[in-house]
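These protein sequence lines are chains A, B and C, in that order.
Using the numbering used here, the letters of the first sequence map in sequence onto residues 1 to 630.
Using the numbering used here, the letters of the second sequence map in sequence onto residues 1001 to 1120.
Using the numbering used here, the letters of the third sequence map in sequence onto residues 2001 to 2150.
Source of the hints: derived by calculation from the structure; they are not laboratory data.
It should be emphasised that the depicted structure is a prediction, and the values quoted were computed from it without experimental measurement.
Don't be surprised by glycine CBs; every beta carbon is placed ideally from N, CA and C.
Do not rely on the hints blindly, as some may be mistaken.
[What the hints assert, rightly or not] Simulated coverage check for chain B against chain A, where a stretch passes if three residues somewhere in it have a Cβ under 8 Å from a Cβ of chain A: (1) 1013-1026; (2) 1041-1047; (3) 1056-1069; (4) 1084-1098.
[Unchecked claim] The following residues of chain B were derived to be distant from chain A, with all beta-carbon distances above 10 Å: (5) S1037; (6) Q1038; (7) D1073; (8) D1075; (9) E1113; (10) A1114.
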Amino acid sequence: MDLSQYAELFLAESREHLSACNQLLLEWERSPANLAPVGGLFRAVHTVKGMAATMGYARVTDVAHRAENLLDLLRRGGRPATDELLQLLFRARDALEQAVELSVVGREDEIDVAEVVADLDGAAAQLGPHPLAPSPPSGEGERGGEVPPVGAGRLVQVTLRAEAPLKGGRALLVIKKAQAIGPVHAVTPSESAFEADEFDGRFSFRIGGTAGTAEIERGVRAAGDVEHVTVGGEERRPGTGAGAAPSAAPETKSRHIRVDLGRLDRLMDLIGELVTVRGRLNELAASARDPAIDDVAIQVSRLSRELQDEIIQARMTPVWQVFDRFPRLVRDLARELGKQVAFRVEGKEIELDRAILDELGDPLLHLLRNAVDHGIESPAERRRRGKQPEGEIVLAAVRERASVAISVRDDGRGIDRQKVLERARRDGVVDPHAEALTDDQLLRVLARPGFSTAEAVTSVSGRGVGIDVAVTRIRVLGGSIEIRSVEGKGTTFVMRLPVTLAIVRALIAGVGAERYALPLTYVAETVEFGVQATTIVEGREAIVLRDRVVPLVHLRRLLGVSGDAPTRCPIIVLEMGERTSGVVVDGMLGQQEIVVKGFDAPQGTLPVFSGATIMGDGVPALILDAGGLL
Amino acid sequence: MSHTVLVCDDAIFMRTMISDILAQAGFEVVGEAETGSQAVEKYRQLKPDLVTMDIVMPDMGGIDAVRAIVKDDPDAKILMCSAMGQQALVVEAIQAGAKDFVVKPFQPSRVLEAVQRVLG
Amino acid sequence: MSDAGVVRLLLFRVGRLVCAAEAERVREILPRLDPTRIPGAPPVVAGVVNVRGTLVTVVEGWRALRQPEPSADGEGGGTTVLLEVGGGKKVLGFTVDEVVDLVSVGGETLERRQALPGIDPTLVRAVGRRADQLFVVLDTDALLTPILSS
Chain A
1 MDLSQYAELF LAESREHLSA CNQLLLEWER SPANLAPVGG LFRAVHTVKG MAATMGYARV
61 TDVAHRAENL LDLLRRGGRP ATDELLQLLF RARDALEQAV ELSVVGREDE IDVAEVVADL
121 DGAAAQLGPH PLAPSPPSGE GERGGEVPPV GAGRLVQVTL RAEAPLKGGR ALLVIKKAQA
181 IGPVHAVTPS ESAFEADEFD GRFSFRIGGT AGTAEIERGV RAAGDVEHVT VGGEERRPGT
241 GAGAAPSAAP ETKSRHIRVD LGRLDRLMDL IGELVTVRGR LNELAASARD PAIDDVAIQV
301 SRLSRELQDE IIQARMTPVW QVFDRFPRLV RDLARELGKQ VAFRVEGKEI ELDRAILDEL
361 GDPLLHLLRN AVDHGIESPA ERRRRGKQPE GEIVLAAVRE RASVAISVRD DGRGIDRQKV
421 LERARRDGVV DPHAEALTDD QLLRVLARPG FSTAEAVTSV SGRGVGIDVA VTRIRVLGGS
481 IEIRSVEGKG TTFVMRLPVT LAIVRALIAG VGAERYALPL TYVAETVEFG VQATTIVEGR
541 EAIVLRDRVV PLVHLRRLLG VSGDAPTRCP IIVLEMGERT SGVVVDGMLG QQEIVVKGFD
601 APQGTLPVFS GATIMGDGVP ALILDAGGLL
Chain B
1001 MSHTVLVCDD AIFMRTMISD ILAQAGFEVV GEAETGSQAV EKYRQLKPDL VTMDIVMPDM
1061 GGIDAVRAIV KDDPDAKILM CSAMGQQALV VEAIQAGAKD FVVKPFQPSR VLEAVQRVLG
Chain C
2001 MSDAGVVRLL LFRVGRLVCA AEAERVREIL PRLDPTRIPG APPVVAGVVN VRGTLVTVVE
2061 GWRALRQPEP SADGEGGGTT VLLEVGGGKK VLGFTVDEVV DLVSVGGETL ERRQALPGID
2121 PTLVRAVGRR ADQLFVVLDT DALLTPILSS
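Please put together the full structure from these sequences, using the hints given.
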């Protein structure tokens, strides 16, 4: 049997179980007296063990077996968690994870599990002498029914095959088969011995009734794995038994499957093509003015929309798939740094396109690490400031209009704006006379690459570390990032991301002879330029919209399109959190669904594009990135 | 007519593998269950000729599921899927009414032998 | 390119130059496609085109090789050659005036890089000769990689 076809499934499912182990261990750590997580841990490790054994991954099986053994003892013993025990189980989980990952890529040899195996066995030995001890007796030791007098009936002696697994279970099956032939008694050793691992597969019983030797022997052998049977002292040689397996044509029923992300991507590309062609068909239908063509175009539109919705749905993944590794990370980091942190995750079930979600891990990791390391104060410092010694970090996902907001909030010391301001002045990032930094300016300073250099790390408690990475990554995903920080109270980062990357609704704007797409995700409204009075705010042209100052961006100028703008033209108002901006274009060419594609941007390309799309006429148009325009 | 099978295991991996083994041998896998309670429910719905039952599952374990199924249908043909070291649990499952068992890691030939024994 | 062995080369003309690219780097030869301008990109980049649903960034051959601009009415730049760049990780379009030939030449008939008038020597991998005409085997990676941002 070719096992390699199952390797991916093994990996995916093992990862899920091991991720669950982390959650369960953390849960147990939080309330050591509550044993509910232990059962879950046992099941998860047990499942991994079974899968690994089937795949032939000996080391995974070995570690899992011993961890399972320990967990079983813990489960039965009802002992609360100790720190030592938890550390060991965390280690075992990590070792398992590593062993799983390496085994799948054929590098099982590199895994050294000796130490963790020894520690698991040591811990198990302290807890009890019987690994995987039998469960408490279920009160069914003796078979019910009439008990014939001892010594009556024929003596049946059975030896099971040496290689038979779980001989006790097999012996019990033999007994059951025999019971169907005649009353059975005087089982030796007693049935309760069948439950012990030491049972060697030799047993005997007496059987009453009128059945002949051949019938008894056939019955006993039908239980499987029987080497020898002796009935009434008369030994019989084993014959060859067991019929062949039926060999009808295989027929497989539908069931849940896991789909490779690459395949989903290809499917999405194809749908993208279909959407493009659909656009072309609609244009043709509009110019043909033929009701029959119109009809077909409408049907094609409906079908492709449904197909597209299904595919997008298939790509949607709940955020917990990425969030679930953070509790463990935060815990480990907090311990290492001597901080006390209560970590909470909200909105786990919110869904995002898998392609986006896959990219979120690193930025979130950076932000969380910063929050623990530089945000949350030491317990002593927190007490001095009149705070609870335990700090709080919340990772939350919230669905907004067409986007998902993911925030990382800590109740730590906040960012020392004065220090950042000094640095910003020195670097010329702000006006040298600036008195204070707004949140926006703060982020801009923190997100400067190189701000995380040694000097900055010490002078602003390292807040810059990795923020440029996070900001860049989020921008590439068509999202935005915001910061709110209050000294002494804490810092919050909010990232806003489109729900899906693949297909978005966009405004198509004309500038000169060129077309650009602007995703609706961040479009608040459109107003007309030339009617609105413009004003100058902080050196930038702006309009005032319902008491709000909206700075303007002239796309024609920004993109270097030659020629003059019309006197009256639309302004597309973008809104991203607190920030807003009015994009002045020549004209609006409509709204449509566009398929987002990447392109190789040459050096020098203005940093305001998140990709490109193919319009209904087959010509590419670049997609403007709202984050870059704000 | 091929025999119908209900495959119960909390791991998709295991379900896939068992289903593949059985399907290749001409059985018709008519349903899958991830938990014991699902197994009981699906057994009622599908009335399969054979059930393969994992012992350790969330929600309701395999042994309790065997008890519940056998209570409804004393003739239910249930094959336990166990792991090494689960002697006591296998014994308990057989006492509860399971007809046979196989031990992970599965060898297709052993699984099919056990299935033959169970189906008689 | 080993000294021995046979190399397959696609020969094409850009302005006055006859150039060659290793045939195994050539993905496809297409007619000129109307590119969409990429604001901010250097003039050597014609823009981005749609090749059956995939977006490909196109480089103007005559600008990259410092040849005179083809006349607007002529056939200049009428063909786009899709080239694999950076070990096949990316594909870029390269406009040429015409494709001349596909030839197999013995490695030994090619001379190592040498200075030629009118072309940056770092872009030349070798020089060959076909029917008494010199052609320049381009180092397409050296030519195209710097145009893409990192």
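These are the hints, each one checked on the structure:
1. 1013-1026: Result for this restraint: holds, n = 12.
2. 1041-1047: violated (count 0)
3. 1056-1069: holds (count 3)
4. 1084-1098: holds (count 12)
5. S1037: holds (15 Å)
6. Q1038: holds (13 Å)
7. D1073: Fine: 17 Å to the nearest Cβ keeps B:D1073 off the interface.
8. D1075: Check passes; 13 Å lies beyond 10 Å.
9. E1113: violated (6 Å)
10. A1114: Violated, since 7 Å does not exceed 10 Å.
In the structure shown, a violation is registered for the earlier hints numbered 2, 9 and 10, in ascending order.
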